[in-house]
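Assemble chains B and C onto chain A, guided by the hints.
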Amino acid sequence: MEVNEERQPQEQAPEGAAEAAPPAAEVPATPPERPASAAAERPARQPAGQATTGERPPRSASAVPGRVPEPAAAVAVAEPRPESVGVRLENLRLTPVEIDQPKALYRSVLPGILQVPADFIIAAARKSSLWPMTFGLACCAIEMIATYMSHHDLDRFGIVPWPSPRQCDVMIVAGTVTKKMAPAVKLLYQQMPNPKWVISMGACATNGGPYTRYDRVLQGVDKIIPVDVYVPGCPPRPEALIDGFIALQNKIMEERSRVG
Amino acid sequence: MSPEERRPPAQPAIAAPPEGSVADLFKAALPDVEMTAVQGALDVLLLVDGKDAHKVLETAKHNPSLAFDFLRNLSGVDYEAEGFEVVYHLYSYKHRHNVTVRAKLPREDPRIQSATDIWRAADWHERECRDMFGIVFEGHPNLVPILLPEDMLDHYPLRKDNPLAPLEEWQGEALGPEMGRAGHIPPGSGFDVEPSAEGE
Amino acid sequence: MAIDPETQVEREFETQDLFVNIGPQHPATHGVFRMVIEVDGEVVRDVVPHIGYMHRGGEKLSEHMDYRQAIGYQDRTEYLSQFNAELCYVLAVEKLAGLAPPERAEYIRIILTELNRVSSHFMFLGAFGTDLGVFGTSFTYAFREREHILDLFEEVSGDRLMYAYFRPGGVAWDVPRDFKERVEWVCKQALIGADDMDKLLTDNEIFIARTRNIGKLSIEDAIDYGVTGPMLRASGMKFDLRRDEPYSIYDRFDFDIPVGTNGDCYDRYLVRLAEIRESIRIVRQAVAQMPDEGPILPERMPRMLRPAAGEVYMRCEDPRGEYGLYIVSKGATQPYRCRIRSPSFCNLSALKHMTVGHFVADAVTILGATDIVLCSVDR
Chain A
6 MEVNEERQPQ EQAPEGAAEA APPAAEVPAT PPERPASAAA ERPARQPAGQ ATTGERPPRS
66 ASAVPGRVPE PAAAVAVAEP RPESVGVRLE NLRLTPVEID QPKALYRSVL PGILQVPADF
126 IIAAARKSSL WPMTFGLACC AIEMIATYMS HHDLDRFGIV PWPSPRQCDV MIVAGTVTKK
186 MAPAVKLLYQ QMPNPKWVIS MGACATNGGP YTRYDRVLQG VDKIIPVDVY VPGCPPRPEA
246 LIDGFIALQN KIMEERSRVG
Chain B
116 MSPEERRPPA QPAIAAPPEG SVADLFKAAL PDVEMTAVQG ALDVLLLVDG KDAHKVLETA
176 KHNPSLAFDF LRNLSGVDYE AEGFEVVYHL YSYKHRHNVT VRAKLPREDP RIQSATDIWR
236 AADWHERECR DMFGIVFEGH PNLVPILLPE DMLDHYPLRK DNPLAPLEEW QGEALGPEMG
296 RAGHIPPGSG FDVEPSAEGE
Chain C
11 MAIDPETQVE REFETQDLFV NIGPQHPATH GVFRMVIEVD GEVVRDVVPH IGYMHRGGEK
71 LSEHMDYRQA IGYQDRTEYL SQFNAELCYV LAVEKLAGLA PPERAEYIRI ILTELNRVSS
131 HFMFLGAFGT DLGVFGTSFT YAFREREHIL DLFEEVSGDR LMYAYFRPGG VAWDVPRDFK
191 ERVEWVCKQA LIGADDMDKL LTDNEIFIAR TRNIGKLSIE DAIDYGVTGP MLRASGMKFD
251 LRRDEPYSIY DRFDFDIPVG TNGDCYDRYL VRLAEIRESI RIVRQAVAQM PDEGPILPER
311 MPRMLRPAAG EVYMRCEDPR GEYGLYIVSK GATQPYRCRI RSPSFCNLSA LKHMTVGHFV
371 ADAVTILGAT DIVLCSVDR
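Chains as they are written, first to last, in this note's numbering: chain A, 6 to 265; chain B, 116 to 315; chain C, 11 to 389.
Note that these hints are calculated values from the structure, not bench results.
Using 30 Å as the maximum straight-line C-alpha spacing, the simulated DSSO-like pairs for lysine-lysine come out as follows:
no.	chain 1	residue 1	chain 2	residue 2
1	B	Lys166	C	Lys340
2	B	Lys142	B	Lys219
3	C	Lys340	B	Lys219
So these bits of chain C aren't anywhere near chain A, every CB distance computed over 10 Å:
no.	residue
4	Thr25
5	Trp195
6	Asp205
All values reported here derive from a predicted model rather than from experimental measurement. Built from N, CA and C at the ideal position, the CB exists for glycine as well.
Only chain A is shown next, with the shape it has when bound in the complex (with noise of 0.2 Å):
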């Protein structure tokens, strides 16, 4: 699993809105057609870090597979509906967070060979006591409880559930994250301090689980955030998070002398 290193929301260029413009109009507008410039901020989130536009394909209704426009016979509205606003403010909101990447002081303090031994001790250190931010959403935060309790207890692995995003490492999204909240998960994110990772629980968090195919729910957090682990199930069983802690206790030694 690698960490993501830009992931920058991207400004649609205008060129991109003007090629996008011909193939809109001829789809049919029932409801009322859009006007082309709402498409003025587009997060495409591109893995290898491309800036520019014109990698992706124009943002017409063929790049849907499956979808071909036709010319159907257009029903007449004219105007645009005042609430169009809200999806324009949908994706306003939904822009993935910025991403700054953790400098810690003493790698420009300590020499060149004294880092290796600090890099682990403190990797060693962190892995051992990660606090994960109470952030249960949904049916999965039932299964995280019952982890945290002493049937399968995560406190042998030093993981004390803490509900302060402040003082924590770790935010264990656990259940489905809807786009009314979405807002709420970034702002908590931001406020997480560096180092942070984030264990993506269950199966609506990795790509929106059973309820993908509504429109008001999140096709996984992984759009908003950046995330570090996947634990599929749905629930997960608490010796799957537990797998999962394990899984990222080893990411952050494995990745301690790349990551500040």
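Chains B and C alone, transformed into the frame defined by chain A:
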């Protein structure tokens, strides 16, 4: 009882309720309101028009022989061509009987008078119904969105012409220049969403 | 000097109401719920609950699934009392389709449903204690008991939490051979656990001081707001759907209905604690009456369920209240409309009525005593 005796008989499409049921009490209380009484699987159904619904409900609550003090459920249903329906399920703790009132609304402008002045339980139910279907409840004290975000009320999810969202790989890729549609796929675009477990 | 308009008391200085936002992420583990409280000092003047952060469209998606696939959505709507939701759903579909489950299946369903009620009430006890500050102890006790019950459910259905085990017409497969012994053992452990929670909380001075006379709800107000379940019974109304509108085979069992007197949070706690014991009584009677062998699905089970056109509103007694399912069928393999009447949604609408006039700390207590399940509120 053996399973055979306990099996409910297959109901014919329209069956009149038996004598002495709640429907007769309603008819006695409101002789001039047009209502059709049907025996449903568990309760008696009363089909009324949307304009008479409030009167019927008020009588249901205040009439001593009916005394429906508990609004169990208020749902909207979208019968595509025939319009909308708002369905009220009522129960009386005093007389221990129940009834279902189905109020029919036209498709183009679904408006109905709110039942919040009769039962306070109707408050949240009506807000949700309006979020899901767009049915406007007149006289509601606070008809703001309850389940949907306030600024995203541009299409009503539970209407039948609102299909399921396509699976999108990258955030917002399905939006594109038709960003305003946000999950709504206009009919005639050739993108047919068949219900399937796996997706396209 | 200012004169307070409400109490006409002269005050030293002007004050202004403060808006406190609780949620959508807060340590009380009720999920994503947000309340905006307007406080005057410490006294709550207004509460505006904001829900919908977990609105995932279970109703809409059920319309695109056939009758058996939609059982999974019922589980996930009521994620603490899954078998109750599934039971309501399969009973509704059975009424529409004209199916009758065999005896053994009925008993299995009742046993599992009542044990689920027990585990849900344990979760309430744990979470309620945590809300009041018993951080850790009550939760740990509660989950210890829940683990026993969840182990049994896993042996029967294969999953710890989302079972999807009930089917219209019966259950999906038969129970293991040692089911009766295991159930008896679980009942014994549950009673010990209930006694433990009792000893921990019931006579605790601080607990009583924080829950007595808090969040009172009279019977008339409760009925008007559509409040059902233990909250209504705590207010004094002796009404339980299992006895007053019996469904499935509940008319064969003998159980009491615990009722409170005051309608405050302490009574709600006591009612739920007593309901655990009543549920264990029902389970023991069911185990004694259950036939040892028998089919678990009707012989003539259609491959694809196509109920006749019609509608039904089936209601069941969920641990939180009346869980209702309004299913409209048009003769297709998918329900035309599957409306969930969620008990937590209706109980929560009375929150403002219960909280205004109390202190801020009591707001959390009242919310905890309402015992909401957010996925059910938002569906």
